[in-house]
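Q: Residue numbers (the working numbering), protein chains in the order written: chain A, 1 to 310; chain B, 1 to 292.
No lab work stands behind these hints, which were simulated from the structure alone.
Keep in mind that the hints are not guaranteed to be accurate.
[Claimed, not checked] Listed below are the simulated DSBU-like cross-link pairs for lysine-lysine, each with C-alpha atoms no more than 35 Å apart in a straight line: (1) K160(A) with K62(B); (2) K48(A) with K215(A); (3) K260(A) with K62(B).
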Amino acid sequence: MLILIAKRIGFMVMTMVAVSILLFLVLEISPGSVATKVLGQYASDEQKNIWLEQHGYFEPLWYRYGVWAGNFMTGELGVSHRFKVPVGDIMWPRLWNTAVLGFWTFALIIPASLILGVLAGMREGSKLDRAISITSVLTTSIPEFASAVFLSAIFVFGLKWLPGTSGMINGFDPTQLILPVMVLFLYDFGYVARMTRASMAEVMTTPYIRTAILKGLPYRQVIVKHALRNALIAPFTVIMLQLNWLLSGVIVVEFFFAYKGFGALLLEASLNQDIFVIEACAMVAVFVAVATQTIADIGYTYLNPRIRFS
Amino acid sequence: MTDIAKTPSSSTGAALRSIALLRESWIGMLGAGLILFWVLVALFAPLLAPHDPLAILQPFAKPGTLHAASGTTLWLGADNLGRDILSRIIWGSRTVLIYAPLATGCAYVVGIIMGLAAGYHRGWWDTVLSRIGDIILSFPVLVLYIIVIATFGASGFNIVIAITFASAPGIMRIVRGLALDLRNRDYVAASQTRGETSFYIMMVEILPNARGPLIVDACVRLGYVIITIGVLGFLGLGLPPPNPDWGGMVNEARGMAMIFPHMTLIPCAAISSLVLGFNLLADGLREVSLRD
Chain A
1 MLILIAKRIG
11 FMVMTMVAVS
21 ILLFLVLEIS
31 PGSVATKVLG
41 QYASDEQKNI
51 WLEQHGYFEP
61 LWYRYGVWAG
71 NFMTGELGVS
81 HRFKVPVGDI
91 MWPRLWNTAV
101 LGFWTFALII
111 PASLILGVLA
121 GMREGSKLDR
131 AISITSVLTT
141 SIPEFASAVF
151 LSAIFVFGLK
161 WLPGTSGMIN
171 GFDPTQLILP
181 VMVLFLYDFG
191 YVARMTRASM
201 AEVMTTPYIR
211 TAILKGLPYR
221 QVIVKHALRN
231 ALIAPFTVIM
241 LQLNWLLSGV
251 IVVEFFFAYK
261 GFGALLLEAS
271 LNQDIFVIEA
281 CAMVAVFVAV
291 ATQTIADIGY
301 TYLNPRIRFS
Chain B
1 MTDIAKTPSS
11 STGAALRSIA
21 LLRESWIGML
31 GAGLILFWVL
41 VALFAPLLAP
51 HDPLAILQPF
61 AKPGTLHAAS
71 GTTLWLGADN
81 LGRDILSRII
91 WGSRTVLIYA
101 PLATGCAYVV
111 GIIMGLAAGY
121 HRGWWDTVLS
131 RIGDIILSFP
141 VLVLYIIVIA
151 TFGASGFNIV
161 IAITFASAPG
171 IMRIVRGLAL
181 DLRNRDYVAA
191 SQTRGETSFY
201 IMMVEILPNA
211 RGPLIVDACV
221 RLGYVIITIG
231 VLGFLGLGLP
241 PPNPDWGGMV
251 NEARGMAMIF
261 PHMTLIPCAA
271 ISSLVLGFNL
281 LADGLREVSL
291 RD
């Protein structure tokens, strides 16, 4: 177990180095365009050169990367060109907002998709199974921006029940969370439900379930005591991996509803070549990806003892 | 030599058989029907579109408005610049049906070559390629697209490059897994004994036998790529205007959705129906392949 964690930390560091170098190369290919983005289109070459010199852009690339990496190790994330504040000041509150969004999304996805997936997988091919499978294909086929458009048309413009933007300008307002959470839920629950269904359907065909049914155990007991425990191992991994997906999934939703979250920050930073914000956000993204993967693997070996012996 | 000669004919036979079997899955047929509909629309766009997609007719026309100058009905209305939405949807189907298969195809070529090299040769090829794949996959895909396209500019070529870069590692993983299994088969050993080159073995012996799972994956992936192209258009990073592009249409009309919902609803319905087509087809193919 400790070896696994150590290996994963090694991989995480390697990935962070690779990703940060790649981003530096891509984003710093043309420093002139960075200056244009910061100073505006009508800045003179002279002004741009002064700005570039002040921000150390005439140093060689490897030197600037070294400075950034050194600062990063000590927790100094640099100053955003776009927002004119230290990166940490803007990134951590945004990350918190996205965590709130993600919490409510998963609070809905986990029970809904597990219950529906188990019900569908219990009797493969039944009418309920068909209905659940088709619903989940349908909802995963609708891109997030499209379901945001559809839901806004119904709940904002049609019924006028919910606010159409989620900027939270006048402080935290839970009604502004409903639509973004619904969109994320719709797009993602189908996938988890399908994985749960497949896992449950597989367990239901195993000999030990047949034995349990044949020896006359009540059906409910067979499901709850024998089938569920094994059927929920695979969905656990899937749900953990969805956390990573959430980081890119929120970009569209946050942009659409003007929610001040991590995804919207990353989008704005990318469009403005705001290198330090992009680098910091990317490091957070890699950390979340590797951490969730590691937790998924550890959880999997814990839930499924067979793995440990093979 | 005889069994080599037989391979292509039997694989066409298998392909025909699975098409025949697909008839039994109404989900698969429905998906194939949706895709066929959009392919026909894209092919016959010049004949079907009632107007030039860039012509300015009547700004903010609601669906079903009669356009006085040409005496035609704008069945789906017009956008904020007065361009006929029906014609833009019809021409927009060309954009998505050219770039999505092109990008997916490029990703498959790169992914298959990397996967075969990693799975068949193993050793350090496998280590290096898998590591690169792991690194790319551990990074949120959409962020990758946005950074690449925001930096290098929005163009069809850059969209294809970005999608290839981000999807190839996923395809590589699947191909690698299949190749690791297939390389131990007798027919691979036979052709190794015959002295075939490893390129020949990978392309002629292993790849055709890995096609089943790859075809299903390609359908699902095409759906995702269509969503991605739509999302990029929606974020303003798609093809530059005034090209009719479904995602871009939603982006342009977003601010007016409250008063003129048809401008955003129609392109959203179009893109969802096409993605649904690919997902249903993938489901149908999966169902049929399990039945064999």
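Q: Which constraints among the numbered hints does this structure fail? Numbers only, ascending.
A: 2
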